[in-house]
Amino acid sequence: MNGRALCHACGLAWRHLCFHGVRSGILVLSLAISIALPLVMQSLVTRGEEATTERAERTPMMIGAPGGSVDLVLGALWFLPEELKPLKAGEAMEINESGLASAIPLSLTSRASGYPVVGTNIEYLSFRETRIESGRPFAVPGECVLGSEVARARNLGPGDTILTDPDGLFDIGGGYPLRLRITGVLAPTKTPDDAAVFCDLRTSWIIAGHGHVHIEVSETSNPGAIMGENDGRPIASSAVTPYTELTPELLSTLHFHGEPEDLPVEAIILIPRDAKSGTILAGRIGLRDDVSLVNPTEVVREVLERVFQIGALLAGILVATGIATLGVVLLVLALSIRLRKEELDTLARIGASRGTTLTLLLAEVIMLAALAGVIALIALIASAELPADLVLRLAT
Amino acid sequence: MSSVIDIQKLQFAYGGTPFRLQVDGFHLQTRERVALIGPSGCGKSTLLGLIAGILSPSTGSVETVGTRVDSLGQGACRQLRLESIGFVFQEFRLLEYLSVRDSILLPLRLAGRAIDGATNERVQALASRAGIAHLLKRRPARLSQGERQRAAICRALISEPRLVLADEPTGNLDPMTGEAVLDLLFEEVDAAGAAMLMVTHQHEILPRFDRVVNLGETSNEASTEDSR
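First to last, the sequence lines map onto chains A and B. With positions in the first sequence counted from 1, the corresponding number in my numbering is that position plus 2. With positions in the second sequence counted from 1, the corresponding number in my numbering is that position plus 125.
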């Protein structure tokens, strides 16, 4: 068979595939899914492992209230909505004063437009080596910086505002949303920091209701605002709307319901000055039963082991499904050849060589496989856009 | 006139069946048009298969367009069919996924020949004479029975064969369409200067042939009578 005959045979195969478009489409999709799923799964697991391990390894130590270490790590490193018990912010102050480590407190109870609000201090951004892409860092209560993904998804930037989510839709007694002024947007990092809102620790306490400001109520500026007096103090009527934004004027009246060291944080990241300091600190904290010391790398390894076990099981299932699909596809092709018996006989009677007939059939299989391969490759490339920690999020 | 088919002392049997075909001698000359008749199951289609090298005889010799096909390998027989023999079937046997144009071009493509402007002109001319030039882009499903057989005849003749083997080409057609298809087939075979051997059950068309060969009901021997 010469080259031109080979081309003609491939052309015939292509025409046959196109004529039976629906059948061909189903076969291509079935094959593509069978090929793509294990590849995408493997890619996600590998990328997830790298990204997860890297973030954990860059967080040397962490303390939280006694409880689940996995929840603590997932909540503090990936900002997953875990119910974390609080510990006092004073723990961070004490550790800083000890000089053994830098302590970065994290308050993780609030959300804004569905994204986690992380109350912390400015050191967190330098610790994560996060660069402000536009604007400036947060400086006073009521200000925040956005992760790149939040800014992109919500089309927000410096000068805009973002509203925090109320605790409960029907909580008419309090927990009003607070409008945070956006002062900056972080550069993309392809980490959970991209999908978070960062603010001062005091801001997160105000959102949580641990602090508030006072509104000046007067009849002259707001008629009907005062409905009576109590010991010389005005009693505000329902005409007075609660504050929604911490303006510079209101900040002068800001106060908290307790000392800052007694207010809650959910986790504290510890960056020991050196190995020795870390060992001393671990020894000291290890003796206490009111605080739990966690090594994020170890915790993540435990989680990943679980993920890998599930992943291995899933991979086995996918491979088995793939083999079954391949079997069905081969069966369909075999049946198709049987259905095409008359066609193949006609070709033989006209004079088609066995090579041509074989090429015709093989070309069809190769074209189906090639199309499926291309779709699988596109799916694999597209999966690179999925968050690297997707597997961890799904698994937990 | 040179011989296009020359059969000597041919015997053939399908394994495991009582069927036996015996042809002591049969010749077909260039430009000769011969009808092959006989009762069903007497071996008419089998004889076409033996002439085309699709089947191999038990004994005897079969020479087709100057080549001994009984001693030829399958590959060479296929090549011979592609180059020198045009087939017309009762059931048309057009490939459902090919347009009329692609169906006509099929033998050339299978032979690996280039489809150039001259070839396309030939397809157009052939289709015009067959009255299907306006249907070249259609697939078989959208053709009438007569149109399908016309397309099949064009396919059989596109490679300018020296021999046309037709197996009841009008068997599936109504009398009027069958007559028109026969007209086309005879005209085109004449124009191509080819010989034609046609299996048929329609005795009313026998006068159109140069000769009629009857595969005897009992002896399976080819007896010849001049139809003119």
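Heads up, some of the hints might be wrong.
[To be verified] Covered by chain B, per the in silico footprint, the following chain A stretches (three or more residues, Cβ under 8 angstroms):
id	stretch
1	15-22
2	90-98
3	335-349
[To be verified] Simulated DEER-style distance windows between Cβ atoms:
id	chain 1	residue 1	chain 2	residue 2	range
4	B	Glu329	A	Leu328	34 to 44 angstroms
5	B	Asp315	A	Lys343	42 to 52 angstroms
6	B	Gln249	A	Gln44	22 to 32 angstroms
7	A	Thr323	B	Gly256	49 to 59 angstroms
8	A	Leu346	B	Gly256	43 to 53 angstroms
9	B	Ala266	A	Ala317	42 to 52 angstroms
10	A	Gly27	B	Ser269	25 to 35 angstroms
11	B	Pro164	A	Leu346	21 to 31 angstroms
Keep in mind that the hints were calculated from the coordinates and are not lab data. All values derive from a computational prediction rather than experimental measurement. Positions of the beta carbon are idealized from the N, C-alpha and C atoms, including for glycine.
Now the hints, each set against the structure:
Against chain B, the stretch 15-22 of chain A contributes 5 residues with a C-beta closer than 8 angstroms to a partner C-beta. That satisfies the three-residue criterion, and the hint holds. For the stretch 90-98 of chain A, the assignment as covered by chain B is violated, since 0 residues bring a beta-carbon within under 8 angstroms of that chain's beta-carbons and 3 are needed. Chain B is given as covering the stretch 335-349 of chain A, and this holds because 4 residues of the stretch bring a CB closer than 8 angstroms to a CB of that chain, at least three being needed. The given range of 34 to 44 angstroms is broken by glutamate 329 of chain B and leucine 328 of chain A, whose C-beta atoms sit roughly 57 angstroms from each other.
A hinted range of 42 to 52 angstroms is violated for the C-beta pair aspartate 315 of chain B and lysine 343 of chain A, which are about 35 angstroms apart. In this structure the hint that glutamine 249 of chain B and glutamine 44 of chain A lie 22 to 32 angstroms apart at CB is violated, the actual value being about 55 angstroms. Checked against the hint of 49 to 59 angstroms, the C-beta distance between threonine 323 of chain A and glycine 256 of chain B comes to roughly 54 angstroms, which is consistent with it. Checked against the hint of 43 to 53 angstroms, the pair leucine 346 of chain A and glycine 256 of chain B fails, with Cβ atoms roughly 30 angstroms apart.
Checked against the given bound of 42 to 52 angstroms, the beta carbons of alanine 266 of chain B and alanine 317 of chain A, roughly 45 angstroms apart, stay inside it. A hinted range of 25 to 35 angstroms for the beta carbons of glycine 27 of chain A and serine 269 of chain B is consistent with their spacing of about 31 angstroms. At roughly 30 angstroms, the beta-carbon separation of proline 164 of chain B and leucine 346 of chain A lies within the given 21 to 31 angstroms, and the hint holds.
Of the numbered hints listed earlier, those contradicted by the structure are 2, 4, 5, 6, 8.
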